[in-house]
Amino acid sequence: MISESFEYHVPKTIEEALGMIGEFGDESKVLAGGHSLLPMMKLRLASPKHLIDIGRIGALRYIRESEGQLELGALTTHFEIESSSLLKSKCPLLPETAREIGDVQVCNRGTLGGSLVHADPAADWPAAMLAVEAEMVARGPHGERKIRARDFFVDLMATALQSDELLTAIRVSPLPARTGDAYLKLHHPASGFAVVGVAVRLTLAESGSIGEARVGVTGVGAKPYRAEETERLLAGKSPTAKRLEEAAAHAADGVDANSDLYASGDYRKHLAAVYARRAIQRAAERAAGR
Amino acid sequence: MATKYLGERIKRKEDPRLIQGRGHYVDDLKLGGMAHLAFARSPHAHARIKSIDAGAAVATPGVLAVYTGEELKGQVGFVPCAAGLEGLKIPDHPCLATGTVHYLGEPVAAVVATSRYGARDAAEKIEVDYEPLPAVLDMEKALVKGSPRVHEHLTDNTAFVAKLEAGDWNAVRQDASLKVIKQRLINQRLAPASMETRGVVASYSPGEDTLTVWSSTQIPHILKTQLAIMSKLDEARCRVITPEVGGGFGSKLNVYGEEGVACFASRKLGRPVKWIEGRRENMLATIHGRDQINDLEIYAKPDGKVAGFRCRILASMGAYHQLLTPAIPTLTALMILGAYDIKNVFVETVGVFTNEMSTDAYRGAGRPEATYIIERAMDLVAFELKMDPVEVRRKNFPSSGKDISMATGVVYDTANYEKPLKKALRLAGYNRLRKEQERLRKKGKYLGIGVSTYVEICAMGPSSRMPGGGWESGTVRVEPTGKVTVLSGTSPHGQGEETTFAQIVAEQLGVSFDDVTVYHGDTSVVPMGIGTFGSRTTAVGGSAIYYASERIKKKMAKFAAARLGVKPGELLFRDGKIETSDGAKSVPFGSIVVDAYSAKTLPAGVEPGLFEQFVFEPPNYTYPFGAHIAVVEIDEETGEVRLRDYFAVDDCGRILNPLLVDGQIHGGLAQGIGQALWEEHVYDESGQLLTGTFMDYALPKAGCFPWFHTANTETRTPVNPLGVKGVGEAGTIGSTPAVVNAVVDALRPLGVRHVDMPLKPEKIWKLMKGNAGDGGR
Ligand SMILES: Cc1cc2nc3c(=O)[nH]c(=O)nc-3n(C[C@H](O)[C@H](O)[C@H](O)COP(=O)(O)OP(=O)(O)OC[C@H]3O[C@@H](n4cnc5c(N)ncnc54)[C@H](O)[C@@H]3O)c2cc1C
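Here the protein sequences line up with chains B and P, keeping their order. The first sequence begins at 1 in this note's numbering and counts up one residue at a time. The second sequence begins at 1 in this note's numbering and counts up one residue at a time.
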């Protein structure tokens, strides 16, 4: 478990980092918390010649509220999210998701940005990002652009981020009134990643019926997705157990489900339906309590 | 024996350094001029080596040498197998493959370089041209006539066939009242996965012509002998030192090819050579555990009494035999009747070669398989006869508690199987649980209660039955200052015998526990030894130390008697004094030590000095037992199993230190439950390992378990003077079937009678959906 040799660079600013990425191009990799990249390097599945450690760029590490939006720097660690009182009150889905990730070491080192760019099909964050309709802020040689979560995840370990771009921030909207959210997952017994993970943000109308529900699913397919048929079946309906079950049954419609030693595609689809129903149920209860 | 230290919950002497990170492991060793070794390994399960091009590796700066199997031929001996079974085929096992590779990860070439990273990089540059051959992975297919062979020069893939038969099978077959229950059980392959991987530093001094080897091993003395033979060196010029070992679980009860190569390289280059195994290498090329297919036939009377038991064991050897590979499944046969008085038994064990890593001893080593077989069998009888599993067990317990002659040929030392069972039932609230189960079943919920009343064989063992002898040595030396040094031929690596041995000696000599220091694991310090495995260290090694301190006492008593004018037999050793039992006459321990070393006046026939040695030969194995109860809940929608509670009542004979017994049980349970619920090493049909990292191999973590409720009963053994049986493997052995029995019990309303391990949720979900049939595979 020894990686190939590489040059190690430590930029101090975003500009410096972008300069290095431009200079070394395909031969380089950005290093954040290292908890996805370093294992790949040790298995020699990745062998960058240049490692650009952005870990010391303080400007990428913050959680703040501005213009009614919550903004997280790409380097914010899972633990910082889990323990943020701002997020606990304004967007509890994020701390709830962080709690389900890895172990203490992983949470202390791993970053939100790193997880999103790595785009592991079983990672937890993508489900939550889809449910809260997060916006990814990217910086490249030609400036800044924003990418919606649903456009960000392109395929298995592939995102809309260009190779010369850095992910700098993630923006999410705070929880509106009468809204609840929830994240539930089945942990893989070895990796701890999501065999299936479902994140829900659900708003109740004044009438008590469901206004809008957004359901993000990870672990099932090659990339995380919104369970659109489920969302459609929920909209405008009252959240009875039967309705939720009927809607959740479509949580993996049309998905070409992953199959591995631990869970077949069929089982994953079944799990998606069960976990979706439970997460929707929990989110609806929370929404009713607000 | 008085009890000042024995039986006390004394904290471990070894813990402060281990907890504070001050222990020294092989990889901590840095010697001047030390070079590093790395291996190029086979990417195929079975292939002919057409050519090896090491040019690029040799040309890499910092590379000192590249070796292939051809260069080692005649220079380094084969990897040894010590098992002696009738008709056993032992294929030559070179340290580096020659001609053909037989399993994924087999070492093909070795690189020595000035840096560890450099060695690894160069090893990647070695180009081997392979011609893939058909790989043999399925044991049953391997035995079919005309199957591809793992070793082309052998007639077939059968390594050995062993039969064990006793009783009157004609009578059994003719008894129409007997219910015949058949079942196949799969005992999956596991990775021992010790926290510290293997590691070795070999240092040959050309001037002195001596070889010193630091190895993370459980058997320093055996390793020294074997490395001397492999390296064709004078054994008296070899020394093995075992620093701290971060877990072995049997996987380091072995002699590995990599160690042979390290010794060879150091000798060739005249400088120290270090090899530290990577985690991926550890998963691929350190021995695996278990891997058996068991076909059972149970002949049960209507009242639950089992009249006859048959089993065919297919045991995967892997491609080669490591030190004890073929011996492991023979322990399964020996213990297949468990705690039950079954008069008629037939076991056929077939060792099968496959293109996989060798199996060998992994915590329990053959006995977990036996216990799994017989404890599942008891539940199958309960299922078929609609009885309570506890009742079936009680029906089959032997009536005697001593010297129980089993049909398998072994004689259990002491037994009281009812006692821990009763305690466990009470602890778990068994009757209450059954009522809760009934209530929940009515609501469509799954609660399962699983019982296992195991017995195992340990304290290995009588030399007559052990390949290289089963004795152990102990030395006690009272230093001139009165401090006490203890040397043991065992090689504890986490079990805590630095503490237990000190307790034994302090108790014996009446000195302070803090004044006793225990050494082990250096063949130049400890005269001779066998090692630590088979739950033998305290029972066998501790007994040697006990008798060695008896010898010291005898000698000191002679000195003291001369001083006090009493008979030596009247004297007691306590509180730093040697005194008459009424305390009227006494002399300080220290002044007798001075007498012995100054040797001014020696009692008749007594030599100066206080260092005594004893080699203990156990007259029998010991047979610990216990009762475990697992309580599980199953998610009725997803099949996920939640272990709600676990109760373990273990009887390991006399308890010298309850803290250590608890520790062994806790760790053992984690491994046994791990097999039941999560762990499996899986090769695909081409022989690629699908579980080669911890991303895929589900090693349990502390958070996977509820708090374990542990308790003990104490049934002493007469086999050794301490009355101890052994507890290193009991937790693992007892727990696997308890958990599987609990899950199957939960699914009983569905008519499910068996599920193979690991109990992954999908299997259970399929059973609940009703479309998986028996076995849920
Ligand atoms: C033992 C273990 C258990 C884990 N369990 C879980 C789990 O249960 N759930 C889960 O979701 N994850 C889990 N992870 C993954 C963990 O969350 C990782 O930390 C995360 O996926 C990657 O974040 P990082 O900061 O470590 O990224 P790195 O490993 O440093 O980088 C990952 C990738 O993203 C790129 N990158 C990183 N930051 C940026 C950026 N700002 N802009 C552009 N590119 C960037 C890198 O170049 C690299 O390709 C686990 C990891 C380990 C080791």
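Hints are computed from structural coordinates only; laboratory data are not their basis. These numbers were taken from a predicted model, which means no experiment stands behind them. Be careful, since some hints might not be right.
[Claimed, not checked] Derived lysine-lysine pairs resembling PhoX-like cross-links, with alpha carbons at most 25 angstroms apart:
hint: 1; chain 1: P; residue 1: Lys402; chain 2: B; residue 2: Lys242
hint: 2; chain 1: P; residue 1: Lys419; chain 2: B; residue 2: Lys29
hint: 3; chain 1: P; residue 1: Lys419; chain 2: P; residue 2: Lys402
hint: 4; chain 1: P; residue 1: Lys419; chain 2: B; residue 2: Lys242
hint: 5; chain 1: B; residue 1: Lys242; chain 2: P; residue 2: Lys125
hint: 6; chain 1: B; residue 1: Lys269; chain 2: P; residue 2: Lys445
[Claimed, not checked] Where chain B lies over chain P, by a calculated footprint (3+ residues, C-beta under 8 angstroms):
hint: 7; region: 107-121
hint: 8; region: 215-224
hint: 9; region: 275-283
Beta carbons: idealized from backbone N, C-alpha and C, even for Gly.
Results for each hint:
no., hint, in the structure
1, P/Lys402 <-> B/Lys242, "violated, 63 angstroms"
2, P/Lys419 <-> B/Lys29, "violated, 63 angstroms"
3, P/Lys419 <-> P/Lys402, "holds, 14 angstroms"
4, P/Lys419 <-> B/Lys242, "violated, 51 angstroms"
5, B/Lys242 <-> P/Lys125, "violated, 61 angstroms"
6, B/Lys269 <-> P/Lys445, "holds, 22 angstroms"
7, 107-121, "holds (count 4)"
8, 215-224, "violated (count 0)"
9, 275-283, "holds (count 3)"
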